[in-house]
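Protein chains: 2
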Amino acid sequence: MPAYQALEARFKRLSDIRGALAVLHWDRQTMMPAGGNAVRADQVATLQQIGHELLISDETGALLEQASAEVAGLDEWQGANLREMCRAYAHATALEPELVAAQARATARAEMIWREARPRSDFKRLLPALEEVFRLSREEAAAKALALDLAPYDALLDGYEPGLTSAAIDALLDPLADLLPDLLEQVLTRQREPLPTPGPFPAAGQKALGLRLMRTLGFDFEHGRLDESAHPFCGGVPDDVRLTARYDESDAASGLMAILHETGHALYNAGLPKAWRGQPVGRALGMVAHESQSLLIEMQVCRSRAFLGYLAPLLRETFGADGEAFSADNLYRAAIRVGRGFIRVDADEVTYPLHVVLRYRLEKALLADDLRLADLPGAWNEGMRALLGIVPPDDRLGCLQDIHWPAGAIAYFPCYTLGALMAAQLFQAIEAAAPDALAGIARGDFRALLAWLRANIHEHGARDDTQTLLTRVTGRPLEARPFLRHLEARYLS
Amino acid sequence: MPAYQALEARFKRLSDIRGALAVLHWDRQTMMPAGGNAVRADQVATLQQIGHELLISDETGALLEQASAEVAGLDEWQGANLREMCRAYAHATALEPELVAAQARATARAEMIWREARPRSDFKRLLPALEEVFRLSREEAAAKALALDLAPYDALLDGYEPGLTSAAIDALLDPLADLLPDLLEQVLTRQREPLPTPGPFPAAGQKALGLRLMRTLGFDFEHGRLDESAHPFCGGVPDDVRLTARYDESDAASGLMAILHETGHALYNAGLPKAWRGQPVGRALGMVAHESQSLLIEMQVCRSRAFLGYLAPLLRETFGADGEAFSADNLYRAAIRVGRGFIRVDADEVTYPLHVVLRYRLEKALLADDLRLADLPGAWNEGMRALLGIVPPDDRLGCLQDIHWPAGAIAYFPCYTLGALMAAQLFQAIEAAAPDALAGIARGDFRALLAWLRANIHEHGARDDTQTLLTRVTGRPLEARPFLRHLEARYLS
Numbered sequence: 029m030p031a032y033q034a035l036e037a038r039f040k041r042l043s044d045i046r047g048a049l050a051v052l053h054w055d056r057q058t059m060m061p062a063g064g065n066a067v068r069a070d071q072v073a074t075l076q077q078i079g080h081e082l083l084i085s086d087e088t089g090a091l092l093e094q095a096s097a098e099v100a101g102l103d104e105w106q107g108a109n110l111r112e113m114c115r116a117y118a119h120a121t122a123l124e125p126e127l128v129a130a131q132a133r134a135t136a137r138a139e140m141i142w143r144e145a146r147p148r149s150d151f152k153r154l155l156p157a158l159e160e161v162f163r164l165s166r167e168e169a170a171a172k173a174l175a176l177d178l179a180p181y182d183a184l185l186d187g188y189e190p191g192l193t194s195a196a197i198d199a200l201l202d203p204l205a206d207l208l209p210d211l212l213e214q215v216l217t218r219q220r221e222p223l224p225t226p227g228p229f230p231a232a233g234q235k236a237l238g239l240r241l242m243r244t245l246g247f248d249f250e251h252g253r254l255d256e257s258a259h260p261f262c263g264g265v266p267d268d269v270r271l272t273a274r275y276d277e278s279d280a281a282s283g284l285m286a287i288l289h290e291t292g293h294a295l296y297n298a299g300l301p302k303a304w305r306g307q308p309v310g311r312a313l314g315m316v317a318h319e320s321q322s323l324l325i326e327m328q329v330c331r332s333r334a335f336l337g338y339l340a341p342l343l344r345e346t347f348g349a350d351g352e353a354f355s356a357d358n359l360y361r362a363a364i365r366v367g368r369g370f371i372r373v374d375a376d377e378v379t380y381p382l383h384v385v386l387r388y389r390l391e392k393a394l395l396a397d398d399l400r401l402a403d404l405p406g407a408w409n410e411g412m413r414a415l416l417g418i419v420p421p422d423d424r425l426g427c428l429q430d431i432h433w434p435a436g437a438i439a440y441f442p443c444y445t446l447g448a449l450m451a452a453q454l455f456q457a458i459e460a461a462a463p464d465a466l467a468g469i470a471r472g473d474f475r476a477l478l479a480w481l482r483a484n485i486h487e488h489g490a491r492d493d494t495q496t497l498l499t500r501v502t503g504r505p506l507e508a509r510p511f512l513r514h515l516e517a518r519y520l521s
Numbered sequence: 029m030p031a032y033q034a035l036e037a038r039f040k041r042l043s044d045i046r047g048a049l050a051v052l053h054w055d056r057q058t059m060m061p062a063g064g065n066a067v068r069a070d071q072v073a074t075l076q077q078i079g080h081e082l083l084i085s086d087e088t089g090a091l092l093e094q095a096s097a098e099v100a101g102l103d104e105w106q107g108a109n110l111r112e113m114c115r116a117y118a119h120a121t122a123l124e125p126e127l128v129a130a131q132a133r134a135t136a137r138a139e140m141i142w143r144e145a146r147p148r149s150d151f152k153r154l155l156p157a158l159e160e161v162f163r164l165s166r167e168e169a170a171a172k173a174l175a176l177d178l179a180p181y182d183a184l185l186d187g188y189e190p191g192l193t194s195a196a197i198d199a200l201l202d203p204l205a206d207l208l209p210d211l212l213e214q215v216l217t218r219q220r221e222p223l224p225t226p227g228p229f230p231a232a233g234q235k236a237l238g239l240r241l242m243r244t245l246g247f248d249f250e251h252g253r254l255d256e257s258a259h260p261f262c263g264g265v266p267d268d269v270r271l272t273a274r275y276d277e278s279d280a281a282s283g284l285m286a287i288l289h290e291t292g293h294a295l296y297n298a299g300l301p302k303a304w305r306g307q308p309v310g311r312a313l314g315m316v317a318h319e320s321q322s323l324l325i326e327m328q329v330c331r332s333r334a335f336l337g338y339l340a341p342l343l344r345e346t347f348g349a350d351g352e353a354f355s356a357d358n359l360y361r362a363a364i365r366v367g368r369g370f371i372r373v374d375a376d377e378v379t380y381p382l383h384v385v386l387r388y389r390l391e392k393a394l395l396a397d398d399l400r401l402a403d404l405p406g407a408w409n410e411g412m413r414a415l416l417g418i419v420p421p422d423d424r425l426g427c428l429q430d431i432h433w434p435a436g437a438i439a440y441f442p443c444y445t446l447g448a449l450m451a452a453q454l455f456q457a458i459e460a461a462a463p464d465a466l467a468g469i470a471r472g473d474f475r476a477l478l479a480w481l482r483a484n485i486h487e488h489g490a491r492d493d494t495q496t497l498l499t500r501v502t503g504r505p506l507e508a509r510p511f512l513r514h515l516e517a518r519y520l521s
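Chain order of the listed sequences is A and B. With my numbering applied, the first sequence closes on residue 521, and no number is skipped along the way. With my numbering applied, the second sequence closes on residue 521, and no number is skipped along the way.
Think of the hints as simulated: they come from the structure by calculation, not from any bench. Since the structure is predicted, the reported quantities are computational estimates derived from the model, not experimental observations. Note that CB positions come from ideal geometry on N, CA and C, so glycine has one too. Be a bit skeptical, because a hint or two may be false.
[Stated by the list, open to error] Computed cross-link-like contacts, BS3-like style, restricted to lysine-lysine with a CA-CA straight-line distance of at most 27 Å:
{"no.": "1", "chain 1": "A", "residue 1": "K235", "chain 2": "B", "residue 2": "K235"}
{"no.": "2", "chain 1": "A", "residue 1": "K40", "chain 2": "A", "residue 2": "K302"}
{"no.": "3", "chain 1": "B", "residue 1": "K302", "chain 2": "B", "residue 2": "K152"}
{"no.": "4", "chain 1": "B", "residue 1": "K40", "chain 2": "B", "residue 2": "K392"}
{"no.": "5", "chain 1": "A", "residue 1": "K152", "chain 2": "A", "residue 2": "K392"}
{"no.": "6", "chain 1": "B", "residue 1": "K152", "chain 2": "A", "residue 2": "K40"}
[Said to hold, decoys possible] Here are some of the chain B residues that sit facing chain A, going by a computed Cβ distance under 8 Å:
{"no.": "7", "residue": "R41"}
{"no.": "8", "residue": "P61"}
{"no.": "9", "residue": "D70"}
{"no.": "10", "residue": "Q71"}
{"no.": "11", "residue": "L75"}
{"no.": "12", "residue": "L223"}
{"no.": "13", "residue": "L239"}
{"no.": "14", "residue": "P463"}
{"no.": "15", "residue": "A465"}
{"no.": "16", "residue": "L466"}
{"no.": "17", "residue": "I469"}
{"no.": "18", "residue": "D473"}
Make a model of the complete structure from these sequences and hints.
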């Protein structure tokens, strides 16, 4: 089947271009001197454009048509690979090049203005640029809706998590919006305040401990490294994973938990099917599945009492710390402390979904033009009062806190919480079906857990969709109930 | 003139691809974990191929033809830019894609075998792979000779230093081959052995001092950085220069001198004309001019008695060293110590040209098939006896020492020594015309020197050819005499 083979070569080329872009991105965040910014932006734009042209070219379209007619000759993996190629092509060809270019300009401008407007809490300053971003996102959603036969918001969702719809999100998030405010109230009245854990925690010690924990979790330093950046991320490619951290010397937990979170992403990337490197079916499923892997490691495993029993002596040893504050029990109390706060990225796992519900409902209304952007600050504050019972004193702590909308990432927020639901559902399935895989956590032995994740999630790449995979592994499609059960068990029992 | 403007956009795109490749190369040498090697090789091959396809495309050819017909409308810089575009196109289109691919495979294989054969001194093991590399280089030389109307060896030379011919090299190197053996004899009988400078010299101290010297010489860390690699190099792009070093804790001088050498390259790159970034005319002239800038800084400036007077107290302070061994006079004696040795990269500036003469004569004979590769070890040893008066005990210290030929870099070696000649000629022109520019060396003040190099060399990019530029600046084309004068002044007076 020459058409399919030609497509594999073409998509491998595209994967090499994206892999090069991943190195350029990592370098920009970790190594590049400030004066390299302008030429790096040119390099990135050029490679992105070359990749886009390769994907949307008439040859790609003709080959896809030809291969789709010969689909009977393909095995299951090849068939899924072709399906993913078609999906990528459909997304890329849905948009006129002029719209893509206009979006690149508009989001670059909005991001730049946002960086100035946020510290000054000056929403009015951002408003015109943000209006332009949303105007273009509406165009994008309309064009993709037409091409993919989806509702506009769902067409954007499909770019982050294939097959996800707002109807499915409503069914998952509405119960959380209903139940979590009460649950939060109960947790706040019951939880015991942890003792403060006084520092300082030198960055070198945090890094050494972070490296040790990464290795323990199964991160392979023959195929990756750890560096520093302003915002931790997991980048690179599956055979060369670039993870970054940030160290706050007054607070060891935040840096370490971020490393553990990113290690969850890293293990997923490294565990993707080796035989399908460089092909669409060899990639991760989507943002929900990816976030499920980071949150399974961070929230389900590493904020557990079992793991903190393992971590506590390592922490004491690394920083020469001592006393009740550094006992496993107190560290656990600190790791699962819940509180009402304005900032999503600082939120605990009980309040985080409420931050997401707020953003999800607002961005749907904004995209549909049911809410005017000028009215966003008021609507934001109303939503915060209704969901979390607090009102931000200014827009810096309110609707200006996230970069997502200025960056044009609309329909991204729900993936965070759906990832948390999926993490809880997976963890409980492991508890039920393979309790041995969890027995090592208290000893810092993650081999069985990693083997389970590899065999059941990572090595499947994007062959099935998320719901199919989850149903096979847990017996059910994605649900809110396991997550609520997890919260009740951890915070109310 | 739409054709010329379209070419500028096209070559800017090519420059972005090459800039991305420069980051990938730097990362591979400094940061990449070993397990990333295979996918990185794919990324590099893909970007190289995309760049090559862009350069040799029919559209590029048609635009060059059209622009060449409208050349009257171009100013001096634009005209030179078009000339450089035509040169790049002529080189790239001279070769069939099959030959380029065969060379990539053959050199990758020969390099790999060379890495194993060299430590074992096993020339026979390398021979078949090296024969294949030379066979393909003969094809390359023949194809380029036809396309560029040059002799075969000169056609390869033109790829490293435009306009350079073996007739010109003979005229420059033959006198050195005649005179240097006697001069070497005289130096060896006269020179005073330096006292040993006992270490250790911790890597952190070497790096701190290296950074300080780079800054002093004018390296801008807003537009570049210093890292470590197995072999020091200067990479990156003009606005983001990536320099690397290697530290031997028993010998501070070798690491520091390598940093100073690479800083010479870095200052040239950073000083290239800002208005022509990303265009062929904005690039450096060629390998001779580039090596002249590194050797001017290392050999002419930093191995001078004046510079060592400035460096000596910094060295003593950095490493807490003391005594006569760390006096400026002794450090100077060590910096200019001359000796007969087998290894080119360890050679001093008196014997280095003899190593180059040997390689130049051999590679010309090998390319012309006047010497069989199987006879290379004998011919090498003969040449060493005739030129340097010593015979390597094995091929590891003989014809297996350099990676250039296995890597397919034939006609590269002469550029090193022509660069040394150009450095001496430039330095003496500065001494005569702008002695003030050199007055600061003893104080570690290089501002006037850098300003002179910028105004007279760097900012001219590739607008003129090397001989035109050198004649304008020094009044003469490239000559051996200033270099010989320099050696006599430094080593015999």
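Query raised in the report: Do the alpha carbons of A/K235 and B/K235 lie within 27 Å of each other, as the hint requires?
Result: Judged against 27 Å, a Cα distance of about 22 Å means the pair holds.
Query raised in the report: Does the CB of B/L75 sit less than 8 Å away from some CB of chain A?
Result: holds, 6 Å
Report task. Would you check whether B/R41 satisfies its interface hint, that is, whether its CB is within less than 8 Å of any CB in chain A? Result -> Check passed: Cβ of B/R41 comes within 5 Å of chain A, closer than 8 Å.
Query raised in the report: Measuring from the C-beta of B/Q71 to each C-beta in chain A, is the shortest one below 8 Å?
Result: With Cβ-Cβ at 5 Å, under 8 Å, it holds.
Query raised in the report: Is it true that the CA of B/K40 sits at most 27 Å from the CA of B/K392?
Result: violated, 35 Å
Query raised in the report: Is B/K152 close enough to A/K40, meaning Cα to Cα at most 27 Å?
Result: violated, 38 Å
Query raised in the report: Regarding the pair A/K152 and A/K392, is the alpha-carbon distance no greater than 27 Å?
Result: Holds. A/K152 to A/K392 sits at ~21 Å (cutoff 27 Å).
Query raised in the report: Holds or violated: is there a CB of chain A closer than 8 Å to the CB of B/A465?
Result: violated, 26 Å
Requested in this report: Verify the interface restraint on B/P463: the C-beta must sit less than 8 Å from at least one C-beta of chain A.
Outcome: With Cβ-Cβ at 33 Å, over 8 Å, it is violated.
**Report entry** Cut-off 8 Å, beta-carbon criterion: hint that B/L223 touches chain A
**Finding:** Violated, because the Cβ-Cβ distance from B/L223 to chain A comes to roughly 38 Å (cut-off 8 Å).
Query raised in the report: Under the criterion of a CB-CB separation shorter than 8 Å, is B/I469 in contact with chain A as hinted?
Result: Where the cut-off is 8 Å and the nearest Cβ of chain A is about 27 Å from B/I469, the hint is violated.
Query raised in the report: Does the interface hint hold: is B/D70 within less than 8 Å of chain A, judged Cβ to Cβ?
Result: holds, 5 Å
Violated hints, listed in ascending order, are 3, 4, 6, 12, 13, 14, 15, 16, 17 and 18; each of the other numbered hints is respected by the structure.
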